[in-house]
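S.K.: So you can see what is in the structure, the chains are spelled out below.
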Amino acid sequence: MTGSIHIAVIDDDEAVLDSLRLYFARQNIKTACFASANDFLAAIDSGQRFDSIVSDVRMPGMSGLELVHGVKGKGLAAPVILITGHGDVDMAVAAMKVGAFDFIEKPFDEARLLASIHNAIEQKQLPEIDAAELEKLQSRFDALSARQRQVMELAVAGLSNKEIGSKLKISPKTVENHRAWVMERIGARNIAELVRVAMKIQGRRI
Amino acid sequence: MTSEIQAERLRAMAFPRVFDAHKMVVGIVYLAAYALLDWISYIEPYAQLGITPWNPGTGLSFVLLLLFGLRMIPFLLVSPLLADYLNQQFAMPWHVEILASMLVGGGYSIALTYLLRPSLRFDPTLGSMRDLVLLMLVAVVSAAFVAVGYVSLTIIAGLLPTADFAAAALRYWVGDVIGITVITPFALFALTRRRILPMTTETLLQFVAIALALAVVFGLTQEQQFQLFYVLFLPIIWLAVRTGSEGVSVGILVTQLGLILGIQLFPAGTFNVTAFQALMLVLAMTGLVAGDLVTERWRTEAQLRLQQDSLSRMARLGSMGELAAAVAHELNQPLMAAGTYTRLLNDAMTSGQTDVAVVAETAKKAVAQVERAAEVVRHLRALVRLDRSNRAPCRFERIVEETIELCQPDLDRAHVTVRSDIASDFPAVMVDLLQIEQVLINLMRNAIEAISDSGSMRGTVHIGARVFDDEFVEVRVVDSGPGFPPALLENAFLPLSSHKAEGLGIGLPLCRSIVEAHGGQLWLDDNPKGAAVCFTLPIAKTERP
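Note that the protein sequences, when read in sequence, are chains E and R.
Using the working numbering, the letters of the first sequence map in sequence onto residues 1 to 206.
Using the working numbering, the letters of the second sequence map in sequence onto residues 1001 to 1545.
No wet-lab data here; the hints were simulated from the structure.
Any given hint could be a false lead.
Between beta-carbon pairs, the in silico distance windows are [to be verified]:
(1) E:149 <-> R:1516: 54 to 62 Å
(2) E:149 <-> R:1377: 39 to 47 Å
(3) R:1445 <-> E:112: 43 to 51 Å
(4) R:1419 <-> E:169: 37 to 45 Å
(5) R:1286 <-> E:169: 46 to 54 Å
(6) E:185 <-> R:1352: 43 to 51 Å
(7) E:169 <-> R:1029: 49 to 57 Å
Not close to chain R: a few residues of chain E, all C-beta gaps over 12 Å, as computed [said to hold, decoys possible]:
(8) 15
(9) 75
(10) 132
(11) 138
(12) 140
(13) 161
C-beta atoms are modelled at their ideal positions from N, C-alpha and C, and glycine is treated no differently.
Whole structure, please, built from the sequences with the hints as guidance.
M.R.: Right under this line is the structure:
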């Protein structure tokens, strides 16, 4: 697969773009860098195609959330991976709900981004999650206590431990414990995966 | 929550009293003052029975019970007897005197016991219009009962003809109500607020106006007196509008004294004294209500201003969450880039792929990003450091006065008095007025909370200021509360280390930041009694041409 991957990287920060470009070059991934979501959308119109799109959430002009809408609007199937800063988790969660593939909190290890890109490309080729898998997730979710489900719902909505604590009137430390338990039970390695699981379970309920 | 319930219980259990000086001392002072007032006001008695046009002693009795509690009732029962003995060597047979004294003292004691019932939540400092109206209602009703009782007693004892009942009772009633109206609010304000009137040119003019109005009332012919009485409303309303309830209470007292003096200077019998006093009663009540309205408006304005200030300050700092997100974004970008560059370097070195030029280039880029992050931090510090543009030379007395004014409702509620001693030649300080007021308000509120949380029914805050050296003054705020807990003395300035059940504990660190931004220092002082906070402020340099 490597060698044939072509991704778009969108970030308004020159240094970030440059470092990512160097990094991906070393991984034999071809990159096209864009300083804004608008530049990127214009490039798509001129016929460029990408296997995956990596974009910052917070940018002048157009946010990551709007970018996801734009990509969908153009009928593009390329999975979007968002890079978020502190306090942008709720925006990233919203973006996932409209179809972003993943989000990664800054600062991060490039290996995590790379793994996500590979995941995204593989998933695109895989059929939708099967019924048995969904059943398993559902039973894991059902095994959680009421409090753990509350914590999960709020975490998935993008709230920090402190915010969840004040909402549920428990200490952030307790929230952290519940959260770790939930992640382990659900089998999610990070918040983005938890959001994905929650979305699937929710989608099933509707 | 629990502390609120405890405080409520404490309030209900304790004798309703504001001051706790020694009972006997207070009682004796009261008896002496009562006798003196009775002697002063003993003019134009009705049938030599001590039914005089105004009875300031009754007002004093109200003050005694309202401030020192129901334990003072025994003194109320004997004061009329003692005064009658000292001033008139008993105008009535002794058993009638004793009965009358019990009736007057007992009647008002019952009324005041009712007024001080915790469920009525009457505030003896007359903090609101409601308190003033409650006081006046109780005065008007109880004086009616006492007047009827007293006059009935003298008629039964055969000292007054039955035909005189209505006239005598009316006179007694008006006399007592005016005594209460003139003396009680004045004394309550003076004793609990410890401030009466600022001595300014305007105050002087106001009292000149009262004197002129009195001269007009007494100087012109008799037929016109009652119409001209209304001239006296002018200076009273002037006082009410400009000085609020405290100033007007002084004006009313002075007017009343002037009226009494006028009546005595002019031949007896030429005036209908009771009618005069009825007019005076209307004047006094109008003035008090007007004054109270003005004071309440000031308080509302002060509260509003305070809230607006804190709102604008909040806005200036931005909601912390947004600020944090912005800062995180600013720091994340260079951190991310630097991390990627260094990991690339690591990869290059370990894989042995060492093109020196490329490695050097990448390392340089990483360093540039680290420097960029450092620059963000420097900017952040400058942002958080408080804005200097509002600094100007300020009179420190003004800061203290405004702060006390802003905290007055809280102070009155907790029965805390403030004493400030600042030398008149104290130099001006170079500060942002609002910020330093914020520091003082914060310290005052801490003091008030500490005093009322300790269960004390009263307390004092002392604000002292002295010149520290050529460049700084030192301000010291000391309260009569229990003092700082030893643990707090060590880490009071760690944010969120509050020992209070509520609040963020951000007060003291914020005060210190403000003071330090002014180049001063703030520290907690070891004080044997109560908490002491000291801080220094820069002296405004007088510009030399």
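S.K.: Now, for every hint given, state plainly whether the structure supports it.
M.R.: Against the structure, the hints come out as follows:
1. The hinted range of 54 to 62 Å is not satisfied by residue 149 (chain E) and residue 1516 (chain R), whose Cβ atoms lie roughly 47 Å apart.
2. Evaluation of the 39 to 47 Å hint for residue 149 (chain E) and residue 1377 (chain R) yields a pass: the beta carbon distance comes to about 40 Å.
3. Here the CB-CB span from residue 1445 (chain R) to residue 112 (chain E) is close to 49 Å, well matched to the stated 43 to 51 Å.
4. The hint said 37 to 45 Å for the Cβ distance between residue 1419 (chain R) and residue 169 (chain E), and at roughly 43 Å that hint holds.
5. At about 53 Å, the CB distance of residue 1286 (chain R) to residue 169 (chain E) agrees with the hint of 46 to 54 Å.
6. The beta-carbon spacing between residue 185 (chain E) and residue 1352 (chain R), approximately 44 Å, falls within the hinted interval of 43 to 51 Å.
7. Hint check: residue 169 (chain E) to residue 1029 (chain R), Cβ distance near 54 Å, so the stated range 49 to 57 Å holds.
8. With a cut of 12 Å on Cβ distances, residue 15 (chain E) falls inside the contact zone with chain R, its closest approach being about 4 Å.
9. The Cβ of residue 75 (chain E) sits about 31 Å from the closest Cβ of chain R, beyond the 12 Å cut-off, so the non-interface label holds.
10. Residue-level check passed: residue 132 (chain E) sits 39 Å from the nearest beta carbon of chain R, beyond 12 Å.
11. Every Cβ of chain R is farther than 12 Å from the Cβ of residue 138 (chain E); the closest lies at roughly 34 Å, confirming the non-interface assignment.
12. In this structure residue 140 (chain E) is separated from chain R by more than 12 Å, as the shortest Cβ-Cβ distance comes to about 32 Å.
13. At roughly 14 Å from the closest C-beta of chain R, the C-beta of residue 161 (chain E) stays outside 12 Å, upholding its exclusion from the interface.
The structure fails to meet hints 1 and 8 from the earlier list, while all remaining hints are met.
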